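Asker: Work the whole structure out from these sequences, hints included.
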Amino acid sequence: MNPTPPDSYTSDPAWADLLPLPQDDGQHPLAQIAYTEEYTEAMSYLRAIMAKNEHSPRVLQVTAHIIEMNPAHYTIWLYRAKTLLALSAAGEVWLGRELEFLNDLALRHQKNYQIWNHRQTIVEAVAAAAAPAEQGRLVREEKEFMNIMFEHDGKNYHVWSYRQWLVRRFGAWDGELSFVAALLERDVRNNSAWNHRFFVVFGGTDAQQGGGEEVIEGEIRFIEDAVFIAPQNASAWNYLRGVLKKAQRPLSSVESMCLGYAPLDDPDKITSSHALDLLADIYAEKREEHGKAVKALELLAAKFDPIRANYWNYRVGLIKAAA
Amino acid sequence: MASTLLTSKHVVYIQSLDTKRDRLDYHLTSHLRLSGIYWGLTSLHLLNHPTALPRSETIAFVKSCYHPSSGGLGASPGHDPHLLYTLSGIQILATIDALDEIDGGKVVEYVSKLQNPDGSFSGDEWGEVDSRFVYCALSTLSLLGRLGGAPGVSVEGAVEFVLRCLNADGGFGMAPGAESHAGQIFTCVGALKIAGVFEKSLSEDQVNLLGDWLCERQLPNGGLNGRPEKLEDVCYSWWVLSSMAMIGRLHWIDKEKLVEFILSCQDEENGGIADRKGDVADVFHTVFGLAGLSLLGYEGLREVDPVYCMPKEVTDRIVWNHRKIPTP
Numbered sequence: 001m002n003p004t005p006p007d008s009y010t011s012d013p014a015w016a017d018l019l020p021l022p023q024d025d026g027q028h029p030l031a032q033i034a035y036t037e038e039y040t041e042a043m044s045y046l047r048a049i050m051a052k053n054e055h056s057p058r059v060l061q062v063t064a065h066i067i068e069m070n071p072a073h074y075t076i077w078l079y080r081a082k083t084l085l086a087l088s089a090a091g092e093v094w095l096g097r098e099l100e101f102l103n104d105l106a107l108r109h110q111k112n113y114q115i116w117n118h119r120q121t122i123v124e125a126v127a128a129a130a131a132p133a134e135q136g137r138l139v140r141e142e143k144e145f146m147n148i149m150f151e152h153d154g155k156n157y158h159v160w161s162y163r164q165w166l167v168r169r170f171g172a173w174d175g176e177l178s179f180v181a182a183l184l185e186r187d188v189r190n191n192s193a194w195n196h197r198f199f200v201v202f203g204g205t206d207a208q209q210g211g212g213e214e215v216i217e218g219e220i221r222f223i224e225d226a227v228f229i230a231p232q233n234a235s236a237w238n239y240l241r242g243v244l245k246k247a248q249r250p251l252s253s254v255e256s257m258c259l260g261y262a263p264l265d266d267p268d269k270i271t272s273s274h275a276l277d278l279l280a281d282i283y284a285e286k287r288e289e290h291g292k293a294v295k296a297l298e299l300l301a302a303k304f305d306p307i308r309a310n311y312w313n314y315r316v317g318l319i320k321a322a323a
Numbered sequence: 001m002a003s004t005l006l007t008s009k010h011v012v013y014i015q016s017l018d019t020k021r022d023r024l025d026y027h028l029t030s031h032l033r034l035s036g037i038y039w040g041l042t043s044l045h046l047l048n049h050p051t052a053l054p055r056s057e058t059i060a061f062v063k064s065c066y067h068p069s070s071g072g073l074g075a076s077p078g079h080d081p082h083l084l085y086t087l088s089g090i091q092i093l094a095t096i097d098a099l100d101e102i103d104g105g106k107v108v109e110y111v112s113k114l115q116n117p118d119g120s121f122s123g124d125e126w127g128e129v130d131s132r133f134v135y136c137a138l139s140t141l142s143l144l145g146r147l148g149g150a151p152g153v154s155v156e157g158a159v160e161f162v163l164r165c166l167n168a169d170g171g172f173g174m175a176p177g178a179e180s181h182a183g184q185i186f187t188c189v190g191a192l193k194i195a196g197v198f199e200k201s202l203s204e205d206q207v208n209l210l211g212d213w214l215c216e217r218q219l220p221n222g223g224l225n226g227r228p229e230k231l232e233d234v235c236y237s238w239w240v241l242s243s244m245a246m247i248g249r250l251h252w253i254d255k256e257k258l259v260e261f262i263l264s265c266q267d268e269e270n271g272g273i274a275d276r277k278g279d280v281a282d283v284f285h286t287v288f289g290l291a292g293l294s295l296l297g298y299e300g301l302r303e304v305d306p307v308y309c310m311p312k313e314v315t316d317r318i319v320w321n322h323r324k325i326p327t328p
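If you read the sequences in order, they're chains A and B. For the first sequence, UniProt numbering assigns the number 1 to the initial residue and increments by one for each residue that follows. For the second sequence, UniProt numbering assigns the number 1 to the initial residue and increments by one for each residue that follows.
Hints were generated in silico from the structure; no laboratory data involved. Just so we're clear, the structure is a prediction, and the values are computed from it rather than from any experiment. Positions of the beta carbon are idealized from the N, C-alpha and C atoms, including for glycine. A portion of the hints provided could be inaccurate.
[As the list claims (entries may be wrong)] Label-pair ranges, simulated between beta-carbon atoms:
| id | chain 1 | residue 1 | chain 2 | residue 2 | range |
| --- | --- | --- | --- | --- | --- |
| 1 | B | Ser3 | A | Glu54 | 55 to 63 Å |
| 2 | A | Arg140 | B | His322 | 49 to 57 Å |
| 3 | B | Thr7 | A | Glu54 | 17 to 25 Å |
[As the list claims (entries may be wrong)] With a cut-off of at most 20 Å between alpha-carbon atoms, the simulated SDA-like pairs for lysine to any residue come out as follows:
| id | chain 1 | residue 1 | chain 2 | residue 2 |
| --- | --- | --- | --- | --- |
| 4 | B | Lys257 | B | Asn270 |
| 5 | B | Lys257 | B | Ser201 |
| 6 | B | Lys230 | A | Ala234 |
| 7 | A | Lys245 | B | Ser201 |
| 8 | A | Lys111 | B | Ser203 |
Answerer: Shown next, in the form of structure tokens:
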């Protein structure tokens, strides 16, 4: 679908009908510009094609060529998408090939997000024309490709956003929880994966949704295991707070777990500033335990998280003001 | 390692950006040129060199990016209109007091057509949705003095969408359910501030939780990251810090260590600021490093507005002085 670009558009008969349009840089004389020749030539031919509003297979050739040199050029992507949709409607291209093109590009340009916007447009178009069984396969293949992306970078924001869109769009919640569990097994500090876990457990529309008692218990056990591996992992502790809030359980329900990582009476054995932080919140809720809350916050300010001393001292101030 | 701000080097660095037209990388960045000019111009204003870029050429370039048929602006001539560059163009014109050079009503029309039924905004006609675009829309409208009564725009709907992006950890993501990210937090809190509803939208506990998440971004080397377990980067000196300033929690940061970190990322030879010490400087990290220093009260820099990332005197003149809501 993306034939190799010609060595020169000028000498290729397939492009001979076009008069290349050089960049109009407004008031700046063209002489100042010395693009590398390849980029300049391809851009000039694309401008000529866009000026004719042509949506033909050779658009795919020249846009692929430019995207290869500059994948962040959003206008090129939009013109390519328009062309693909037109050609696909006319039965002249099979959009599945475009996804293969995108796979290759995405792997080589991990930080690019235009690729993922474009992918969403293409997948919508493919799905619109697909029977339910084909849709299922499409979703499965999309997830398989994302798994490869996550092997390179488990925190790629664009890929995660795309995944959530896909899951919502196709109701593809099945398997998401075990997928997340596998990612967390590889890196228990992956905050993106923890976020997706929350999305799946509480935002989903499958049987997991709503967070019944059993689900909550399961999540808390999962967190306990994760914290045991890495006590100083902010993501797991943040997730714990989120789960408790969703379940409307008091923070004090995890007091003993916190004390395991932050024994207030034996500060040398404290292994988690996040456990201290949570204990401070638990004890701040009861007036008779304010002394313990202040102690936890003072330990944070002095020893366990001194860079945020101003914040911990602010919380001490709140407790003292309430007394 | 530089321990002071190299003002004159930064000015020269920014002025030189537009003279590198013979280099391929100049052209490979044409898809964000208008934002690049906004970053450079804002840097120069904060550095107290507001006239260092030629005014008439700047206006001419902005106008060359304008699409009269839609009312939107693209990143460069020949690039499609997009909300990101529409905002950059309006920010530039506002900063140099030249908003009358463009048909504001037509720009409002462009923005209003990009709002979706759920209150979110798409970045362009293709429908990509991101909480950033709500910010772009509301910021653009308010700079044009058209936030109230822009036909076809529901500010309430926009606010509702932003609040759906609020996560259990206290931060905001790019869409409902998406991971909290400091850049998205800036745009979400900024959108709520521009709409004038921040105070009534989040409880004191929610604000404290957000502040907790934000100040947790500071790493032992003084720099800030954008998400847990990620590397520090100068641009978060803006996204995190501006958010903390907007919610009145700036004092939770260790300011001295952050100032030291930003200064260490300067290019001592050619000017400009990089994402991290030793990396290549660029105008994006330059403006956000300078804006961060400004929020930290660094001597000699002009005051920056944490909501708009523009000189405060500009936003006072064209936004806050006309509105009943208090300046953040």
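Asker: Work down the list of hints and note, for each, if the structure agrees.
Answerer: Okay, the hints, checked on the actual structure:
{"no.": "1", "hint": "B/Ser3 to A/Glu54: 55 to 63 Å", "verdict": "holds (58 Å)"}
{"no.": "2", "hint": "A/Arg140 to B/His322: 49 to 57 Å", "verdict": "holds (55 Å)"}
{"no.": "3", "hint": "B/Thr7 to A/Glu54: 17 to 25 Å", "verdict": "violated (51 Å)"}
{"no.": "4", "hint": "B/Lys257 to B/Asn270", "verdict": "violated (24 Å)"}
{"no.": "5", "hint": "B/Lys257 to B/Ser201", "verdict": "violated (32 Å)"}
{"no.": "6", "hint": "B/Lys230 to A/Ala234", "verdict": "holds (12 Å)"}
{"no.": "7", "hint": "A/Lys245 to B/Ser201", "verdict": "holds (19 Å)"}
{"no.": "8", "hint": "A/Lys111 to B/Ser203", "verdict": "violated (35 Å)"}
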